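Enquirer: Produce the entire structure from the sequences given, and follow the hints as far as they go.
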Amino acid sequence: MKRIILIMVNLLLLSQFSFAQINMEDSTVQVIGYWDLGEVRTYSMLLENISIKGEDTTFYGKTSYLVDMEIMDSTELEYTVKWTYRDLKNSFGEGNESLELVANRARDIEGGDVVIFKTNSYGAYKELVNWEQIRDYYKNVEAQLLVDFDTLANVNQLVSQMYGGMESQAQVQSSSTKDVIQFLNYHGARYRLNEELTGTLKFPSLNGKALIDGEMFVELEEIFEEDNDFRIVSFVELNTDQLVTQTRDILKTFLPAASEDEIDELMKQAGEITNTKEDVTIMHGWGWPIYSKETTRKTGNGLVNYEIRTIEIL
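Letter by letter, the sequence shown follows residues -20 to -1, 1 to 294 of mature numbering (1 follows the signal peptide of the UniProt record, and there is no 0).
The hints are simulated quantities; they were obtained by calculation from the structure and are not laboratory data.
Quick caveat, the model's predicted, so the values are computed rather than measured.
Just the calculated beta-carbon pair ranges, DEER-fashion:
(1) 57 to 3: 21 to 29 angstroms
(2) 239 to 119: 29 to 37 angstroms
(3) 131 to 260: 42 to 50 angstroms
(4) 6 to 69: 42 to 50 angstroms
All C-beta atoms in this analysis are idealised placements derived from N, C-alpha and C, irrespective of residue type, glycine included.
Expert: The structure is reproduced here in structure tokens:
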């Protein structure tokens, strides 16, 4: 049986660092924020990026790291949570040595290893606390890399693509909280076994300045009573028309002198523009995610790009 979610953004922005109650009598799962001050958990994370053109894989890169998660503060109204990143390793394959060299140098620049955010008392995401610190870190990284690799071909374009454009709070938040948003999926609501939830929600846009509509599907697929955990899945497809409009706007921003005909030609070359996201999560009954895998698939410019993010408790 399907029921509509009306503007239920909390499905995406509520914390999994919480208490999950499994009720086998009515086959439901409910998750409510229930965190201990000072509690720390460590997770391994793996980010894979794959580009495919036709039948050929043109790029495969991976970045692995650990995250220590700590509840810094707890009140009746909110929690403050700190993520500390460490042991980051990059591998971008043959032919991408320059990219790997730049990424490794950025990794070694101090100041970008902590993300602090707040949630409400139920675990719903509220804000990125240290966004200004992260913004300044990106600016410092961009400036330092341009000095360190001034003889590298196309260094300006490479560094700008990797670390540029981090000016506003929305842009910094969109770039810096992808792990957080995946980790904070699903919670704050009650889910019934095999009941499909569907609806239109708002998601970060391509330029990080606005929101874009997306059709979302969520289902509690299975409850493993003997292990006190469950599997829940979701699928999101962003609005294609809005993606096309935003792509045109971005092109106009980067090419202010281009005519409408020239923009039309570039859009024609871009081909079909799509963006989908699929997530599978195994959650323990006490609210700690055991395993989560999110696959984002984007098409455009004749390429299919995958971003696969895997989170696993240690």
